[in-house]
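Engineer: Heads up: the sequence lines are chains A and B, in that order.
As numbered in the working numbering, the first sequence has no gaps in its residue numbers, which increase by one up to the final residue, 301.
As numbered in the working numbering, the second sequence has no gaps in its residue numbers, which increase by one up to the final residue, 312.
No lab work stands behind these hints, which were simulated from the structure alone.
Predicted, not measured: the structure shown is a model, and the values here were computed from it.
The C-beta atom is built at its ideal place from N, Cα and C for all residues, glycine as well.
When the alpha-carbon atoms are kept at most 25 Å apart in a straight line, the in silico SDA-like pairs for lysine to any residue are as follows:
#, chain 1, residue 1, chain 2, residue 2
1, B, K170, A, I264
2, B, K170, B, W160
3, B, K170, A, R261
4, B, K210, B, D299
5, B, K170, A, Y263
6, B, K170, A, L266
Facing chain A, from chain B, some residues (calculated, C-beta under 7 Å):
#, residue
7, T15
8, L27
9, S140
10, P142
11, V145
12, V247
13, V262
14, R268
15, L277
16, V280
17, M284
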Amino acid sequence: MTAIDPATSEVAIGAPRRPVRARWSRLIEAWPPLVMLAIAWIVLTLIVAVGADAIAPYDYSRMDLRARLAPPAFAGGVWTHFLGTDELGRDVFSRLVYSVRISLLIAFAATIMGAVVGTLLGLLAAHLRGFFEEAVLMLIDFQASMPFMIIALAVLAFLGNSLPLFIGLMGLHGWERYARISRGLAISASEQSYAGAIRQLGATPWRVYGRHILPNIASTLIVNITLSFPEIILLESGLSFLGLGVQPPLTSLGNMVGYGREYIELASWILLSPAAVIVLTTLSISLIGDWLRDRLDPTLR
Amino acid sequence: MMRYLAIRGLRAILTIAFVVTFAFFILRLSGDPALLILSPEAPPEAVEAFRKSWGLDRPLWEQYLRYFVAIFEGNLGRSMRDGRPALDLVMDRVPATLMLTLPAFALKLLIGVPAGIFAALRRNSFVDRLVIVCSVAGHSVPSFVLGLVLVLLFAVNLNWLPSGGADNWKHAILPVVTLGTAGAAIIARFTRSAMLEVLGQPYVRAALAKGVPWPSVVWRHALPNAAIPTVTIIGFMVGTLIAGAVVVESVFSWPGVGRMLVVGVANRDLAVVQCVLLLVAMCMVASNFTVDLLYGWIDPRLRAWATGASGH
Numbered sequence: 001m002t003a004i005d006p007a008t009s010e011v012a013i014g015a016p017r018r019p020v021r022a023r024w025s026r027l028i029e030a031w032p033p034l035v036m037l038a039i040a041w042i043v044l045t046l047i048v049a050v051g052a053d054a055i056a057p058y059d060y061s062r063m064d065l066r067a068r069l070a071p072p073a074f075a076g077g078v079w080t081h082f083l084g085t086d087e088l089g090r091d092v093f094s095r096l097v098y099s100v101r102i103s104l105l106i107a108f109a110a111t112i113m114g115a116v117v118g119t120l121l122g123l124l125a126a127h128l129r130g131f132f133e134e135a136v137l138m139l140i141d142f143q144a145s146m147p148f149m150i151i152a153l154a155v156l157a158f159l160g161n162s163l164p165l166f167i168g169l170m171g172l173h174g175w176e177r178y179a180r181i182s183r184g185l186a187i188s189a190s191e192q193s194y195a196g197a198i199r200q201l202g203a204t205p206w207r208v209y210g211r212h213i214l215p216n217i218a219s220t221l222i223v224n225i226t227l228s229f230p231e232i233i234l235l236e237s238g239l240s241f242l243g244l245g246v247q248p249p250l251t252s253l254g255n256m257v258g259y260g261r262e263y264i265e266l267a268s269w270i271l272l273s274p275a276a277v278i279v280l281t282t283l284s285i286s287l288i289g290d291w292l293r294d295r296l297d298p299t300l301r
Numbered sequence: 001m002m003r004y005l006a007i008r009g010l011r012a013i014l015t016i017a018f019v020v021t022f023a024f025f026i027l028r029l030s031g032d033p034a035l036l037i038l039s040p041e042a043p044p045e046a047v048e049a050f051r052k053s054w055g056l057d058r059p060l061w062e063q064y065l066r067y068f069v070a071i072f073e074g075n076l077g078r079s080m081r082d083g084r085p086a087l088d089l090v091m092d093r094v095p096a097t098l099m100l101t102l103p104a105f106a107l108k109l110l111i112g113v114p115a116g117i118f119a120a121l122r123r124n125s126f127v128d129r130l131v132i133v134c135s136v137a138g139h140s141v142p143s144f145v146l147g148l149v150l151v152l153l154f155a156v157n158l159n160w161l162p163s164g165g166a167d168n169w170k171h172a173i174l175p176v177v178t179l180g181t182a183g184a185a186i187i188a189r190f191t192r193s194a195m196l197e198v199l200g201q202p203y204v205r206a207a208l209a210k211g212v213p214w215p216s217v218v219w220r221h222a223l224p225n226a227a228i229p230t231v232t233i234i235g236f237m238v239g240t241l242i243a244g245a246v247v248v249e250s251v252f253s254w255p256g257v258g259r260m261l262v263v264g265v266a267n268r269d270l271a272v273v274q275c276v277l278l279l280v281a282m283c284m285v286a287s288n289f290t291v292d293l294l295y296g297w298i299d300p301r302l303r304a305w306a307t308g309a310s311g312h
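Let the hints inform the model, and build the full structure from the sequences given.
Structural biologist: Spelled out as structure tokens, the structure:
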């Protein structure tokens, strides 16, 4: 980081006088505790998603009709179902674990898809120019001018729902931002002398883009990933909440909240724990994204 | 200026054409409309007659043209559920949706814009931090979670307000607050960063240096310039007035366009869904176009550029 930050320069001036505290504050500034908590939460959800089979105490669809609507342990329930059970006696914690797995799977797959498709289209537009570029720009305009929720609902209505289609649909979300960013950055990068120099040396377009331009725009793209990942989680959980996303018997976080809505008066714990997981996850990624943006991309500040 | 308007107008028309094309192709991709609308067990003669009457036996490009013509005649098909024209069904629901989205829109502006401006002017103050925290929360808390938490608090626990339905004004409070808070956070964040950007510009420093008092720097220099990006995001929100409450209407069982869309998607009532899709597209395009017009009015540079460009 070359930009002079008033906060750090102040610390640097104060450093000789109070070295211990200065070191601490510099440490805290470099690794803010809130961001560290956010990273810890994301790591935890990833562990839960990967190890769902080992972590969940019950099968997520196992019903226990004698233990229906049992409250969580801290509200007078039993420890065998410590987040309570739902109206069919299914363990809320086990369902939560599998929901985290499905929701994260969709969000990761869709984010990667959007990033790859968008970046590729943006780079191609920057390289080919002409008609292709105009077409990509028009698609970008179209996507940016319609609320994606409506497009998604229309596609789901027309084509029906299946998990691969749903993931693909979520992957369409946000590609236009990657395309816009990568096109703009690639055009300005290819006008710079380093790109011209390697081209003069006889590098193929593959090499120019893959080895030189892409690494130079990667940090901006990574920051954009942290923006679209929580948006996809929100979109997926919103659609699943409406009953139009992930379909039973599979379960996702939004699905659980939608289900729990029917029991909000009797058993609010069914919807509160998945709702909390959604909020904590999107909040964590946003915090990490802001922090990464400050560290990786001084131009965006 | 005319050239600028012509380009914007052309783009608006292109976007509409694009949405219509999108709807046409995705409708064709969904399978044989005759089999979808009639039941798969329908007698072959009936299917054939249906195909003929809807022009489905024609070549694809002719169907495509006919589709365009039908839409511009306002013929958007009939609901598969009760056979009424889809446009009438949707239009019946528009007032209910506007009853939520218009007050929510006012709430967003009344809270979001002043909060953003104030936060930017008092950077790093308590209010600024509060605005940042709220706007991060506004981005991370989905509207259905916020809505359900409000229901839990005010309807289930305190029993002050109804949890759903649309009988009187009391039913509108929770959905309006839910919609308004999330939007206010987004507007506040935009306004704040637009203001900060402008306050860091050389012309603000120049104005201060030549002795212009701070309030008039803010009023004459900072606010008009910061208005430009803010108007863009507000314009986008105007476009979503008609269907921006899909999730919230479902949380509160509000009988608006959004609820109708969700039910339509669940029942695969294609005519209704297509009608809402086109209606939203028109609203978005109309509001984007209005924003473009507003730009010309707010930003004198653009006027100069446009007349300058037309002179070349």
